[in-house]
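Taken in sequence, the protein lines are chains A and B.
The letter at position 222 of the first sequence is residue 222 when you use the numbering used here, and the numbering goes up by one with no holes.
The letter at position 48 of the second sequence is residue 48 when you use the numbering used here, and the numbering goes up by one with no holes.
No wet-lab data here; the hints were simulated from the structure.
Please note that the accuracy of each hint is not assured.
[To be verified] Where chain A lies over chain B, by a calculated footprint (3+ residues, C-beta under 8 Å): (1) 4-15; (2) 87-98; (3) 132-146; (4) 157-169; (5) 234-247.
We put the CB at the ideal spot given by N, CA and C, even for glycine.
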Amino acid sequence: MEKQTILVYLETAEDQVIKVSLEALNAARQLAAKTGKNVTAVLIGSAAAAGAAAAYGADEVVHVAADSYQADRYTEILTALYQRAEASALLLGSGRDGKELAARVAARVGAGCVTDAMALAEDGSWVRSVYGGSLQESVDAGVGAVVTVRSGTFGKPEETAGRTVPVTEETVENSELKAVIKEAVQELSESVNLEDAEVIVAGGRGMGSAENFQLVRDLAELLGGVVGASRPAIEDGWVPRNHQVGQSGKIVAPKLYIACGISGAMQHVSGMSGSGYIVAINKDEDAPIFDVADVGIVGNVMDILPLMIEEIKARKS
Amino acid sequence: MELLVCIKQVPDDSVSVGLNADGTPKLDEITPVVNAFDTYALEMAARFKEAHGGSVTVLTVGGEGAVPALRSCLAVGADRACRLADESACDPQGIAYLLAQASKKAGEQPFDVIFCGSESTDASSAQVGAQVAELLGLPVITNVLALEPKDGGISAKQETEDGYRVVEASCPCVVTIVKPDYEPRYPSIKSKMAARKMPITDLSLADVEADAGKFGPEAAKVRRVALSAPPQRQSGVKIQEKEAAEAVRRAMELMAGQKLI
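Isolated chain A (complex conformation) (with noise of 0.2 Å):
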């Protein structure tokens, strides 16, 4: 018999579904209305995320009760609700353990397995990012393959509030673990929404200093913007991580994005260049971000935000 369920699995925290597992909904919903399949929610720990699940588009919600994260444990459930449910898709949102998982249970069940999916191609394959932006392929991993959605690509799906669907409770058998979690450390408490930003002021490794980047931040908090960083800036340790545009950030597209001392490295190219408008401060005239810039500004980010700040506060007032 022909496979019918699209299995896609929510992350959640604190009982929220996260937002690349909505966007990884949104996937499934568009492979079911390609295929004529249904879409499956699968929820591991609490349940409480059941109704979103239902509002955002999942047709049946599928629960197992489990403990706190173990990437053992929920590799095994995921494998046991794909064969039981002999999936025609699973799909999990790219985060770190979405992508281990991903991996993990495509080579138990003997799956092709796609990461970092942007786009679903009419033909039904998966559009992703290689060579580090800089090239596109798409590629069919066949019937029952597991895919992760990249954030920031395929957006969150409609909503129908109140809307409910039917809830399975399922069990899994418990497998000892073999690399045990004794502990998770929450470093980053501010939670980035660069993918929803309208304005994201970024900076780079052109910033010069922790002391400087309070500019980007600065700059940010004027226009009502989120602030955003490349790699060297992050590695520098002047903005935390989740701050990160690029290839191995957050893939955005606002309406304004001001890149501030960032020359502009493809693989940070490739998560932003969908912004609606560019403007660029590089000192440097031959910058590669000045390729992608509607508007570049040749000169020092530090003569050159402290006016821009002055001049958007003058005419704000």
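Chain B: place on chain A using the hints.
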């Protein structure tokens, strides 16, 4: 402990890759390098060995062209190098299968910890390390920032979305490595000279008892159907003024014209 580091040779990731007329990636003019994440894995393994004893073996799958990558690893901390000779086009699970098979033959003794970079900078699938572990039935800890021996096994600091976890596993196990807060060491002239003279063990597919149905283009579950350049943006106005104030004034006018401020 006996440590194995799986490495991949990739095109220099600071260079943008274009397309050939036939739709394949244009790689012939790009310098091959060891995947950055694998260099972090090798450095972490070398430091682990220096602190706790043992040896570091590097392993790759590839043709003769992959030998320089192994040599460069021998110059920055690896004691031994091993190449499984195969150039077939594999998907991540095909490569994981070959590495898993080769890991059983690459050392004189079984390995205690198998290190992999968390992902490659070219294909960025982030699957291979976890799949090597699955194929070997070993514990895996992904996205590791640091690790130390504990009770005959290891304890690792795993990077998460909002912080880190402490994860423990018995040996043998597999770890995948992300960038720690240090850089890999540079080779010295002396270490490069020494590396040139060190032997590299070649393994054949027969040596590792590779089942032809489990790797290569025919076995691939994920197949590329198209490769394309992403949409390119046009650049707009570039402002070069002697006075910063004038540059800012012009930029603000343009932004205001778009109703962005």
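Hints versus structure:
Coverage of the segment 4-15 of chain B by chain A holds [criterion: at least 3 residues with CB-CB distance below 8 Å; count 3]. Residues of the segment 87-98 of chain B with a Cβ under 8 Å from some Cβ of chain A number 4, which satisfies the need for three, so the listed coverage holds. Counting residues of the segment 132-146 of chain B whose C-beta lies closer than 8 Å to any C-beta of chain A gives 9; at least three are required, and the coverage claim holds. Counting residues of the segment 157-169 of chain B whose CB lies closer than 8 Å to any CB of chain A gives 12, which reaches the minimum of 3, so the coverage claim holds.
Counting residues of the segment 234-247 of chain B whose C-beta sits closer than 8 Å to any C-beta of chain A gives 10, which meets the bar of three, so the coverage hint holds.
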